[in-house]
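Position chain B against the provided structure of chain A, taking the given hints into account.
From first to last, the protein sequence lines stand for chains A and B.
Residue numbering for the first sequence follows our numbering, starting at 1 and increasing by one per position.
Residue numbering for the second sequence follows our numbering, starting at 1 and increasing by one per position.
Bear in mind the hints are in silico, worked out from the structure with no lab data behind them.
For every residue, glycine included, the Cβ atom is placed at its ideal position computed from N, Cα and C.
One or more of the hints may lead you astray.
Dumping the calculated DSS-like pairs for lysine-lysine here, alpha-carbon to alpha-carbon at most 25 Å [said to hold, decoys possible]:
{"#": "1", "chain 1": "B", "residue 1": "Lys225", "chain 2": "B", "residue 2": "Lys214"}
{"#": "2", "chain 1": "A", "residue 1": "Lys11", "chain 2": "A", "residue 2": "Lys56"}
{"#": "3", "chain 1": "A", "residue 1": "Lys234", "chain 2": "B", "residue 2": "Lys55"}
{"#": "4", "chain 1": "B", "residue 1": "Lys55", "chain 2": "A", "residue 2": "Lys233"}
{"#": "5", "chain 1": "B", "residue 1": "Lys28", "chain 2": "A", "residue 2": "Lys339"}
{"#": "6", "chain 1": "B", "residue 1": "Lys169", "chain 2": "A", "residue 2": "Lys36"}
{"#": "7", "chain 1": "B", "residue 1": "Lys240", "chain 2": "B", "residue 2": "Lys225"}
{"#": "8", "chain 1": "A", "residue 1": "Lys226", "chain 2": "A", "residue 2": "Lys199"}
{"#": "9", "chain 1": "A", "residue 1": "Lys313", "chain 2": "A", "residue 2": "Lys290"}
{"#": "10", "chain 1": "A", "residue 1": "Lys188", "chain 2": "A", "residue 2": "Lys234"}
{"#": "11", "chain 1": "A", "residue 1": "Lys359", "chain 2": "A", "residue 2": "Lys282"}
{"#": "12", "chain 1": "B", "residue 1": "Lys8", "chain 2": "B", "residue 2": "Lys55"}
{"#": "13", "chain 1": "A", "residue 1": "Lys163", "chain 2": "A", "residue 2": "Lys234"}
{"#": "14", "chain 1": "A", "residue 1": "Lys72", "chain 2": "A", "residue 2": "Lys123"}
{"#": "15", "chain 1": "A", "residue 1": "Lys140", "chain 2": "A", "residue 2": "Lys72"}
{"#": "16", "chain 1": "A", "residue 1": "Lys314", "chain 2": "A", "residue 2": "Lys233"}
{"#": "17", "chain 1": "A", "residue 1": "Lys166", "chain 2": "A", "residue 2": "Lys199"}
{"#": "18", "chain 1": "B", "residue 1": "Lys86", "chain 2": "B", "residue 2": "Lys240"}
{"#": "19", "chain 1": "B", "residue 1": "Lys225", "chain 2": "B", "residue 2": "Lys254"}
{"#": "20", "chain 1": "B", "residue 1": "Lys8", "chain 2": "A", "residue 2": "Lys233"}
{"#": "21", "chain 1": "B", "residue 1": "Lys173", "chain 2": "B", "residue 2": "Lys86"}
{"#": "22", "chain 1": "A", "residue 1": "Lys290", "chain 2": "B", "residue 2": "Lys225"}
{"#": "23", "chain 1": "A", "residue 1": "Lys314", "chain 2": "B", "residue 2": "Lys28"}
{"#": "24", "chain 1": "B", "residue 1": "Lys52", "chain 2": "A", "residue 2": "Lys234"}
{"#": "25", "chain 1": "A", "residue 1": "Lys199", "chain 2": "A", "residue 2": "Lys163"}
{"#": "26", "chain 1": "B", "residue 1": "Lys16", "chain 2": "A", "residue 2": "Lys314"}
{"#": "27", "chain 1": "B", "residue 1": "Lys52", "chain 2": "A", "residue 2": "Lys87"}
{"#": "28", "chain 1": "A", "residue 1": "Lys123", "chain 2": "A", "residue 2": "Lys163"}
{"#": "29", "chain 1": "A", "residue 1": "Lys87", "chain 2": "B", "residue 2": "Lys55"}
{"#": "30", "chain 1": "B", "residue 1": "Lys52", "chain 2": "A", "residue 2": "Lys233"}
{"#": "31", "chain 1": "A", "residue 1": "Lys199", "chain 2": "A", "residue 2": "Lys233"}
{"#": "32", "chain 1": "B", "residue 1": "Lys240", "chain 2": "B", "residue 2": "Lys214"}
{"#": "33", "chain 1": "B", "residue 1": "Lys8", "chain 2": "A", "residue 2": "Lys234"}
{"#": "34", "chain 1": "A", "residue 1": "Lys36", "chain 2": "A", "residue 2": "Lys87"}
{"#": "35", "chain 1": "B", "residue 1": "Lys173", "chain 2": "B", "residue 2": "Lys214"}
In silico contact screen, one side only, chain B against chain A (beta carbon under 10 Å); selected entries [stated by the list, open to error]:
{"#": "36", "residue": "Arg157"}
{"#": "37", "residue": "Ala162"}
{"#": "38", "residue": "Phe163"}
{"#": "39", "residue": "Ala187"}
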Amino acid sequence: MSSEALIFEFKLDDFDFDLLPIANELLMANLDLREKAVSLYCEDYFKRAGGESNIKIDGEYVTVQWSPQSSKDVDAAVEQVIELLSKGAYRQAEPILRTLAAHYPEHPDVLFNYGMMLSDQGKMDEAIELLSRLTAIDRKNASAWNALGIAYLRNGQSDNAKKSLKQSYDLDPENGYTLRNLGGLLAKEDPREALPFLKRAVGLLPNDQQAQYGYALCLVQIGEQKEADRIFKKAIDISPYSEISELCRAERTEIAQNIMRATAPSGVRVDVVMYCKAALEKFKKFGLEKTSTITAEIALLGRQGLDINNPDKKYTLNSLDGEFTGLQLVSYMYVGFKKIAPDRDVGIDFSEEYNMALKLFEGEGAQ
Amino acid sequence: MAAPDTQKIMDMVEGKTGYGVSVLVDDKITTPASMVSARSSVPMHLVKVNPKYEKYGDYLVALQCAMLLIKWGDPERIPDFAIIDKNVAYLQDKFAKQVSAKGMPFDTARQYANMIVMGILQQLNSLPIQFISMDMIADLCPGLRLLQEESVNNEMREASAAFTPQIRKITPKEIFDRNATMNAAYAIKWSRVSGDTMVLLPYRSLGYLNRGEKLLEKYEALSTKKDPDRYIETVDAWAKELEMETWYEWHYRKAE
Numbered sequence: 001m002s003s004e005a006l007i008f009e010f011k012l013d014d015f016d017f018d019l020l021p022i023a024n025e026l027l028m029a030n031l032d033l034r035e036k037a038v039s040l041y042c043e044d045y046f047k048r049a050g051g052e053s054n055i056k057i058d059g060e061y062v063t064v065q066w067s068p069q070s071s072k073d074v075d076a077a078v079e080q081v082i083e084l085l086s087k088g089a090y091r092q093a094e095p096i097l098r099t100l101a102a103h104y105p106e107h108p109d110v111l112f113n114y115g116m117m118l119s120d121q122g123k124m125d126e127a128i129e130l131l132s133r134l135t136a137i138d139r140k141n142a143s144a145w146n147a148l149g150i151a152y153l154r155n156g157q158s159d160n161a162k163k164s165l166k167q168s169y170d171l172d173p174e175n176g177y178t179l180r181n182l183g184g185l186l187a188k189e190d191p192r193e194a195l196p197f198l199k200r201a202v203g204l205l206p207n208d209q210q211a212q213y214g215y216a217l218c219l220v221q222i223g224e225q226k227e228a229d230r231i232f233k234k235a236i237d238i239s240p241y242s243e244i245s246e247l248c249r250a251e252r253t254e255i256a257q258n259i260m261r262a263t264a265p266s267g268v269r270v271d272v273v274m275y276c277k278a279a280l281e282k283f284k285k286f287g288l289e290k291t292s293t294i295t296a297e298i299a300l301l302g303r304q305g306l307d308i309n310n311p312d313k314k315y316t317l318n319s320l321d322g323e324f325t326g327l328q329l330v331s332y333m334y335v336g337f338k339k340i341a342p343d344r345d346v347g348i349d350f351s352e353e354y355n356m357a358l359k360l361f362e363g364e365g366a367q
Numbered sequence: 001m002a003a004p005d006t007q008k009i010m011d012m013v014e015g016k017t018g019y020g021v022s023v024l025v026d027d028k029i030t031t032p033a034s035m036v037s038a039r040s041s042v043p044m045h046l047v048k049v050n051p052k053y054e055k056y057g058d059y060l061v062a063l064q065c066a067m068l069l070i071k072w073g074d075p076e077r078i079p080d081f082a083i084i085d086k087n088v089a090y091l092q093d094k095f096a097k098q099v100s101a102k103g104m105p106f107d108t109a110r111q112y113a114n115m116i117v118m119g120i121l122q123q124l125n126s127l128p129i130q131f132i133s134m135d136m137i138a139d140l141c142p143g144l145r146l147l148q149e150e151s152v153n154n155e156m157r158e159a160s161a162a163f164t165p166q167i168r169k170i171t172p173k174e175i176f177d178r179n180a181t182m183n184a185a186y187a188i189k190w191s192r193v194s195g196d197t198m199v200l201l202p203y204r205s206l207g208y209l210n211r212g213e214k215l216l217e218k219y220e221a222l223s224t225k226k227d228p229d230r231y232i233e234t235v236d237a238w239a240k241e242l243e244m245e246t247w248y249e250w251h252y253r254k255a256e
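Okay, chain A solo, but in the shape it has when bound (with noise of 0.2 Å):
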């Protein structure tokens, strides 16, 4: 273990502000609170990283001199780099990575992590310099071979993508991330050949959301509709509120409504038609106020997801007596946004069917 002291530098303007619970526009315009933040940041990170440091802030410099009193330290710091990276916090973890890089050139967590991190940032040569590096030097380390792949990937280099994540899955088949991004790639070509691999993918990684949605875009590729919904289904509940979950509920819709319409040949679908020449008349009576209560709360309700398909009576209401089917209220509802808001997009077409209950309505009540 060297006990040389590391000197790590960086711009004071290079620091990553995000890191701090002060606005950058405040920072920006107080140079005396940006010292005294960033010392206050630089001194607490390396205090938890052990050893001992000195940090000095000299006009546009910030100069650390770290340390470290065991190989224990050197880890520690690593993995407080790690958590800066997942924090995105690229900027701040460089300038230690590089440092880092320099003094243990094989280090394998900090090849690993800093070879990521380029990869990350679009600088493939780097990064694949790095791993390349880390692969020559621990040829059994799966993960560095993943890696590889990635940045092969990334840097449009499909062959040696394949040759590199393969490499990874020979060494452990049990990756999940090896099987998730070699299932990905594959699934460019033939989803049926990627399938096996997203599969257990998702098996070995049931809280990583994007695996769960490679795998239900693939089983929807292949014509896996219902397996497909389930895992959108497990996917949203990784993360109800992320963007991913908002792609699944879209799909969810659209194969709900493929199984529905597939159940009618005709494309018309007769049970549609009723309930919504049901919800007219109820509408009708209940004027347009509980219209909006009722038809909000089932749009509220559809956010978990209402099932279609499904022809028990299964859902009730606060707002309306009775219990009903998934089918009947996304009827109703479709009924009464045509009445609150005829304009908005309720996710599901049943324009046809409400027409034919519109006129089977309004002839009835012409009689």
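Just chain B now, kept in the frame of chain A:
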């Protein structure tokens, strides 16, 4: 499905109020999250999450649920913070003139004055209940601790933006001081919870820590009261300290 701790507190809300919680992503709200309490015309509690703050979603939803539990502490007396229109209109007019005198076109000054007056009222209404909710979440939802840290640090960052010279220059002192005092109370509270002293730097440098400390003392003095009185009385105590008592009143309703 939300994180287990978030789901737990959502279930508590349903158990306590008889209404379920529905979560929507809404890019039109100006705050990270907002909430509409259920009533017969809205038969579910509606929690809206701004997609900009999606990564803190589980914490934000839990926070709004905690607020519901506090407001519904006594279903016979659910408080609504109501602005006294006449008095607030007077203040908006007064501040619009002050801002305009600093060189801003009058229409823009009026819009700005409206925004800051409503903003400071929102802050008075929301920070005390947010403090109570944070304490509640620390007890009920330990799994949300990291997310809470990220979300509050982000809030601290956004709140400190009010100290930029441009905003200080244009904002009437009466509003600026109140805003900074309440934010200082929040920073002190968070600093005690998290052990992070950096959040105090902006408030220390501009001399608002003592004033923030006073608000926090008032909050702590009322902390053993039952809900919703703890919330109502803290708002009232802060309003007295900040001389905002005539800006709002409480309305109460029964659970329907």
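Status of each hint after checking the structure:
Simply put, Lys225(B) and Lys214(B) have alpha-carbon atoms about 18 Å apart, close enough for the 25 Å limit, and the pair holds. Simply put, Lys11(A) and Lys56(A) have alpha-carbon atoms about 12 Å apart, close enough for the 25 Å limit, and the pair holds. The straight-line distance between the Cα atoms of Lys234(A) and Lys55(B) is roughly 18 Å, inside the 25 Å bound, and the hint therefore holds. Under the criterion of a C-alpha separation no larger than 25 Å, the hint pairing Lys55(B) with Lys233(A) is consistent with the structure, at around 19 Å.
Between Lys28(B) and Lys339(A), the direct Cα distance comes to roughly 23 Å. Compliance with the 25 Å bound is thereby established for this hinted pair. In summary, the hint linking Lys169(B) to Lys36(A) is supported, as the alpha carbons are separated by about 24 Å, within the 25 Å threshold. Distance restraint check for Lys240(B) and Lys225(B): the Cα-Cα separation of roughly 18 Å lies within the 25 Å cut-off, and the hinted pair is therefore satisfied. With a CA separation close to 15 Å, the supplied pair Lys226(A) and Lys199(A) stays within the 25 Å bound.
For the given pair, Lys313(A) sits about 22 Å from Lys290(A) by alpha-carbon distance, which is consistent with the 25 Å threshold. Note on Lys188(A) and Lys234(A): the hinted pairing holds, with a Cα-Cα distance of about 23 Å set against a maximum of 25 Å. Annotation: proposed proximity of Lys359(A) to Lys282(A) holds, straight-line Cα distance about 16 Å (limit 25 Å). In summary, the hint linking Lys8(B) to Lys55(B) is supported, as the alpha carbons are separated by about 19 Å, within the 25 Å threshold.
For a cut-off of 25 Å, the pair hint linking Lys163(A) to Lys234(A) is broken: about 31 Å separates their Cα positions. At most 25 Å may separate the alpha-carbon atoms for a hinted pair to count; Lys72(A) and Lys123(A) exceed this at roughly 30 Å. Between Lys140(A) and Lys72(A) the CA atoms are separated by roughly 24 Å; this keeps the pair inside 25 Å, and the hint holds. With a C-alpha separation of about 18 Å, the suggested pairing of Lys314(A) with Lys233(A) holds against the 25 Å cut-off.
Taking the CA atoms of Lys166(A) and Lys199(A), the gap is near 17 Å; set against the 25 Å cutoff, the hint holds. Between Lys86(B) and Lys240(B) the CA atoms are separated by roughly 19 Å; this keeps the pair inside 25 Å, and the hint holds. Simply put, Lys225(B) and Lys254(B) have alpha-carbon atoms about 20 Å apart, close enough for the 25 Å limit, and the pair holds. For the hint linking Lys8(B) to Lys233(A), the alpha-carbon distance of about 20 Å falls within 25 Å, and the restraint holds.
Among the hinted pairs, Lys173(B) with Lys86(B) is consistent with the structure: their alpha-carbon atoms are about 22 Å apart, no more than 25 Å. For the suggested pair Lys290(A) and Lys225(B), the alpha carbons sit about 39 Å apart, so the restraint of at most 25 Å is broken. Distance restraint check for Lys314(A) and Lys28(B): the Cα-Cα separation of roughly 33 Å exceeds the 25 Å cut-off, and the hinted pair is therefore not satisfied. For a cut-off of 25 Å, the pair hint linking Lys52(B) to Lys234(A) stands: about 23 Å separates their Cα positions.
A C-alpha spacing of about 21 Å is found between Lys199(A) and Lys163(A), which places the hinted pair at or below 25 Å, so the restraint holds. The hinted pair formed by Lys16(B) and Lys314(A) meets the criterion: a straight-line CA distance of about 23 Å does not exceed 25 Å. Distance hint between Lys52(B) and Lys87(A) is fulfilled; the C-alpha atoms sit about 16 Å from each other, no more than 25 Å. Distance check on the hinted pair: Lys123(A) and Lys163(A) sit about 21 Å apart at the alpha-carbon level, within 25 Å; holds.
For a cut-off of 25 Å, the pair hint linking Lys87(A) to Lys55(B) stands: about 11 Å separates their Cα positions. Between Lys52(B) and Lys233(A) the alpha-carbon distance is near 23 Å, which keeps this suggested pair within the 25 Å criterion. Taken as a hint, the Lys199(A) and Lys233(A) pair is honoured in the structure, with Cα atoms around 15 Å apart against an allowance of 25 Å. For the given pair, Lys240(B) sits about 12 Å from Lys214(B) by alpha-carbon distance, which is consistent with the 25 Å threshold.
About 19 Å separates the Cα atoms of Lys8(B) and Lys234(A), which keeps this hinted pair within 25 Å; it holds. With a C-alpha separation of about 22 Å, the suggested pair Lys36(A) and Lys87(A) falls inside the 25 Å cut-off, and the hint holds. A threshold of 25 Å between alpha carbons decides the hint, and for Lys173(B) with Lys214(B) the separation of about 19 Å falls inside it, so the pair holds. With a cut of 10 Å, the hint placing Arg157(B) at the interface with chain A holds, because the nearest CB-to-CB distance is about 5 Å.
The closest approach between the C-beta of Ala162(B) and any C-beta of chain A is roughly 8 Å, which is under the 10 Å cut-off, so the hint is satisfied. Evaluation of the Phe163(B) hint against chain A yields a held restraint, the C-beta minimum of about 5 Å falling below 10 Å. Below 10 Å, beta-carbon pairs count as interface contacts, and Ala187(B) has one with chain A at about 8 Å; its hint therefore holds.
Hints 13, 14, 22, 23, counting from the list given before, are not met by this structure.
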